[in-house]
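Between the sequences and the hints, there should be enough to build the whole structure, so can you do that?
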Amino acid sequence: MNQPEKEELAAELSSPLDRFMFDLGLADLMRLSMFGTLIAISKYVLRIPMHLPGHSSIYWMGLLVMGKGLIPKFGSGIIMGLVSGILAVVLGLGKEGVFVFFKYFIPGLGLDFLAVLFFYKLESIWVGAICGALISLSKMLVNLLLGIALNIPMVFLAMGLGFTSITHTVFGAAGGALAAIVIKRLKPRLANWE
Amino acid sequence: MLGRKKYWFIIMGTILLFTLLLGSATSALGSTSEGGGGAEASSGTSGSKPLNLVSIQLDDGTDVQNAGNIPLIPQFTLEFDKNVVYMINWENNRSCFHLYENDSEVAINVTKIDDTVDFTKRHYIYVQPIEPLLPGTDYSLYIAPELIAKNGNSTLGGTTDNQGIWIKFTTAGQKPAAAEEPFISKEPGQEDNPVSTEDSSENELGNTETLNTAQNSSVNTIVQAGEPVSDTDAVIEQEEIPEARVGEEKVIEEIPAAEEQQTSSMSREKYLAVLSVVLIAGWVTVEFYLKRKGKKN
Amino acid sequence: MKIDKRIVLGLIFIVVIVGSAFLLEHTVKVQGSNSARIIPVIQNNETIAFVDAGVIEQLREQEHAMREVSEGSDNTGEVSLEFVLGSVGGFDYRYIEVKGLDDSETWRLEQSKLDPAIVLSSNMSGTVAMINSEDGRQILIKAIKEIHLIK
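Chains as they are written, first to last, in the numbering used here: chain X, 1 to 194; chain H, 1 to 297; chain W, 1 to 151.
No lab work stands behind these hints, which were simulated from the structure alone.
Just so you know, not all the hints are guaranteed correct.
[Unchecked claim] When the alpha-carbon atoms are kept at most 30 Å apart in a straight line, the in silico DSBU-like pairs for lysine-lysine are as follows:
id, chain 1, residue 1, chain 2, residue 2
1, W, K151, W, K29
2, W, K2, X, K73
3, X, K187, X, K95
4, X, K121, W, K2
5, H, K121, W, K2
6, X, K43, H, K121
7, W, K29, W, K2
8, X, K187, W, K29
9, X, K184, X, K73
10, X, K73, W, K5
11, W, K99, W, K113
12, X, K95, H, K150
13, W, K5, X, K95
14, H, K293, X, K95
15, X, K121, W, K5
16, X, K187, X, K73
17, X, K184, W, K5
18, X, K43, H, K150
19, W, K5, H, K121
20, X, K187, X, K6
21, X, K73, H, K293
22, H, K293, X, K6
23, W, K5, X, K187
24, H, K121, W, K151
25, W, K142, W, K99
26, W, K2, X, K184
27, H, K150, W, K5
[To be verified] Pulled from the structure, derived: some chain X residues nowhere near chain W, Cβ distances all over 10 Å:
id, residue
28, E5
29, E7
30, F22
31, D23
32, T37
33, P49
34, H51
35, K95
36, L109
37, V127
38, L145
39, A149
40, L161
Here the structure is a predicted model, which means the values were calculated and not measured.
Where is the CB? At the ideal position from N, CA and C, for every residue including glycine.
In C-alpha cells:
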C-alpha cells in the first residue's frame, strides 16, 4: 500500500462524517465487533476451574465494561451484545439454542443505559463494579426468563436462585472493577482512537 | 442516505437470519433435549465442555488416590467439576459406579444431596459399600464414561476417551488367609477370558455398555481374578481394564461410533469457528465497500 | 443528581435484585408446598429433594427412554413412583408414606412391595396425583403434598 492510499484509509477510518449504526464510526464498529468476538470466544475457550454459577462474568462482563469504557458512545454495548450473541448462536454456546442470543445481547443493551446513568464514568472502580454486577444480574434474569419460556420446571429454576444471584453479583462486580482499572490506564494512551 | 440505511438493514437482516438458522441447526444436532435425553442423553456430546473427576476422598479428607490404608467401611466423596446430581440424570449416573474386588462386584450405595435442596453440593457423589470390605484386599472403583452432567452434553467419556475411570485402593489390615487363594481357577480354553462375567451381566441399564466399552480400550495392565493388583497405591487409571469386562459384541460396535461422534463434534466446532470468522470478515468488508461507495456518491 | 448518589442508588438496586431472588426462591418453596404444586421428599425428617409437575413430566420421558433402551418397551405411560424415588436420591428406607393435600389422604407401603404399576401423573392444576395404573387406574392420592421415606 503506497503512502496516498494509506493516508486515504486513515482518513476514512477517522472521518467523523461517515457514521453507521448509532452514529458510530467504522473504526469504532470494528473495535466493538472485536470486543464482541472476544466475549464469545473467551466464553468458548476459557475454562476457569471455579465451580460456581456465573463465574464467567469475570471476563464476560469485564470485556463488556472495558469495551464500553474505551468507546463511550451510546450503542457500543448493543453492538458488542449483538456480535457476541450472534457468535454464541453460531458456536452453539449454551443449551438454549437460538435463544442464547438474548443472554449475550441483554447485558450489552443494559450497559448502554447504565453508562448514561453514570455519566460514562466507567473508569471509576465503583461505577465499573456496579455496572458489571447489574449486567451480570441481567444475564441471570434472562436465564430465568428463558427457563420459563422453555418450560423448565420451576423447581429447577427457583431453587438456588438466591445463591446464584450472589455469585453473579460478586463475579460481575469483580469483572467490572478490573475493567475500570484497565480503562483508567488505557484511556489516556488511546486518546487518538477517534 | 436512505439507500445506505436500507442496505444496512438488508445486510444485518441477512446475517441475523443466516446465523439464527445455522444456530438452530447446530443446537438440534449438538444438544439433547432437557429431560427426555434417554439414550441420547446417556451418550451425550463429548467435547465442548468436559466433565472431569476433581478428587476422590474419604470422610476425613484422605485422598484415595494415594492411600493404601482404606478403612473397611469407607465413605468415598467424589467431586466432579460439573453438576452430576441433577434429578433427571440421576438414575443414569447412579448406575455408573461399580466397586470390584478383583472380578466380583461389591454392592454399594451411591448417594447425593439433591441440588434442589443444597445447590452447593451439586458436584459431589458419595459412594459407600453396603457391607464392610475385606481387610488387606485390593479394590477397584469404576466410574463409567456414561456419567453425564446437568447440561446434557458433558460426559465423563468426553475426557477419558470413552473409557471411564478406575480408582484402585487397598483396605487396611491383613488379608484373611482363605481369601488369598485364587478366586477362580483357570480351565483349559479359558485363557483369553479367564474371569467370570456373571456379575457384570447382572448390571443395571447402561452398565453392559460401559463394561464392554472398557474392553475395547488400549489395555496396558490387566487386572485378573485371583491376581493381586501389583501396585498397592491407589491410582486413578483410565486405561487399566480388567478382562472381567469382556462381554457381548453389541457394544464393540458402539465404540467407534462414540469416537466418530466425538470427532465429528470437534470438526463441526472447527467448521463453525471458521465460519464465524468468515462472517465477521465479510461484515467488515461490506462496511468498507459501503463506505467507499458512499464516498464516491 | 451527583455520581455519588447514583452509586448509592446502584448499590441499593443490586441489593433489591439479590433480595428479590431470595424472596422468589422462598415464595416458590412455601407457596408451592402449601398448594401441593411443589412436593418435598422427606427422609429422616430432612427434605432430600423437591419435585413438581414439570419434573414428573421430565422424569416420565426419562424413564420411558431408559426402558426403551433396556427392555425395548414403548410404554409411554406415567412415571413410576419407584423411578421418582430413585431419581431424588432416596435410599435405605423401609416404608413410603405419601400424604395428600387433603389431610385424610395418606398412603403407606413397604418398599419391598413397591410396584411399578404405582405411577405419578401431573394434573391440570399443576399438582401431582398417584395412580395405580393396573387396578383400573384407581386414584390413590388426588394431589400429593408430601412424600416421606421411613426407615
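Okay, the hints, checked on the actual structure:
1. K151/W to K29/W: Holds, at roughly 25 Å.
2. K2/W to K73/X: holds (20 Å)
3. K187/X to K95/X: With a Cα-Cα distance of about 37 Å, the restraint between K187/X and K95/X is violated, given a limit of 30 Å.
4. K121/X to K2/W: Distance ~12 Å between K121/X and K2/W Cα, so the pair holds.
5. K121/H to K2/W: Since the Cα atoms of K121/H and K2/W sit roughly 44 Å apart, the hinted pair is violated (cutoff 30 Å).
6. K43/X to K121/H: holds (24 Å)
7. K29/W to K2/W: Judged against 30 Å, a Cα distance of about 41 Å means the pair is violated.
8. K187/X to K29/W: The given pair, whose Cα atoms are some 48 Å apart, is violated under the 30 Å limit.
9. K184/X to K73/X: Holds: K184/X and K73/X sit about 17 Å apart, inside 30 Å.
10. K73/X to K5/W: The hint holds at about 23 Å.
11. K99/W to K113/W: It holds: about 18 Å lies between the C-alpha atoms, which stays within 30 Å.
12. K95/X to K150/H: Roughly 11 Å separates the two Cα atoms, so the pair holds.
13. K5/W to K95/X: With Cα atoms ~40 Å apart, K5/W and K95/X exceed 30 Å; violated.
14. K293/H to K95/X: Given pair K293/H, K95/X is violated - Cα atoms ~41 Å apart, limit 30 Å.
15. K121/X to K5/W: holds (14 Å)
16. K187/X to K73/X: holds (14 Å)
17. K184/X to K5/W: holds (22 Å)
18. K43/X to K150/H: With a Cα-Cα distance of about 18 Å, the restraint between K43/X and K150/H holds, given a limit of 30 Å.
19. K5/W to K121/H: Outside the cut-off at roughly 39 Å; violated.
20. K187/X to K6/X: holds (25 Å)
21. K73/X to K293/H: holds (26 Å)
22. K293/H to K6/X: Between K293/H and K6/X the Cα gap is close to 18 Å, so the pair holds against 30 Å.
23. K5/W to K187/X: holds (25 Å)
24. K121/H to K151/W: The hint holds at about 24 Å.
25. K142/W to K99/W: OK: K142/W and K99/W at ~10 Å, within 30 Å.
26. K2/W to K184/X: holds (20 Å)
27. K150/H to K5/W: This hinted pair is violated, its Cα atoms lying about 42 Å apart.
28. E5: holds (45 Å)
29. E7: About 41 Å separates E7/X from the closest Cβ of chain W, which puts it past 10 Å; holds.
30. F22: The claim stands: F22/X keeps its Cβ more than 10 Å from every Cβ of chain W (closest is about 23 Å).
31. D23: Given that every Cβ of chain W is farther than 10 Å from that of D23/X, nearest at about 25 Å, it holds.
32. T37: holds (29 Å)
33. P49: Correct as stated: the minimum Cβ-Cβ distance to chain W is 25 Å, above 10 Å.
34. H51: About 20 Å separates H51/X from the closest Cβ of chain W, which puts it past 10 Å; holds.
35. K95: Given a closest Cβ separation of 14 Å, the condition holds.
36. L109: L109/X clear of chain W: closest Cβ-Cβ about 17 Å, beyond 10 Å.
37. V127: With a cut-off of 10 Å, V127/X comes too close to chain W, as the shortest Cβ separation is near 7 Å.
38. L145: holds (12 Å)
39. A149: Check passes; 13 Å lies beyond 10 Å.
40. L161: Its Cβ does come within 10 Å of chain W, the nearest being 5 Å, so this is violated.
Going down the numbered hints, you'll see the structure goes against 3, 5, 7, 8, 13, 14, 19, 27, 37 and 40, while the others check out.
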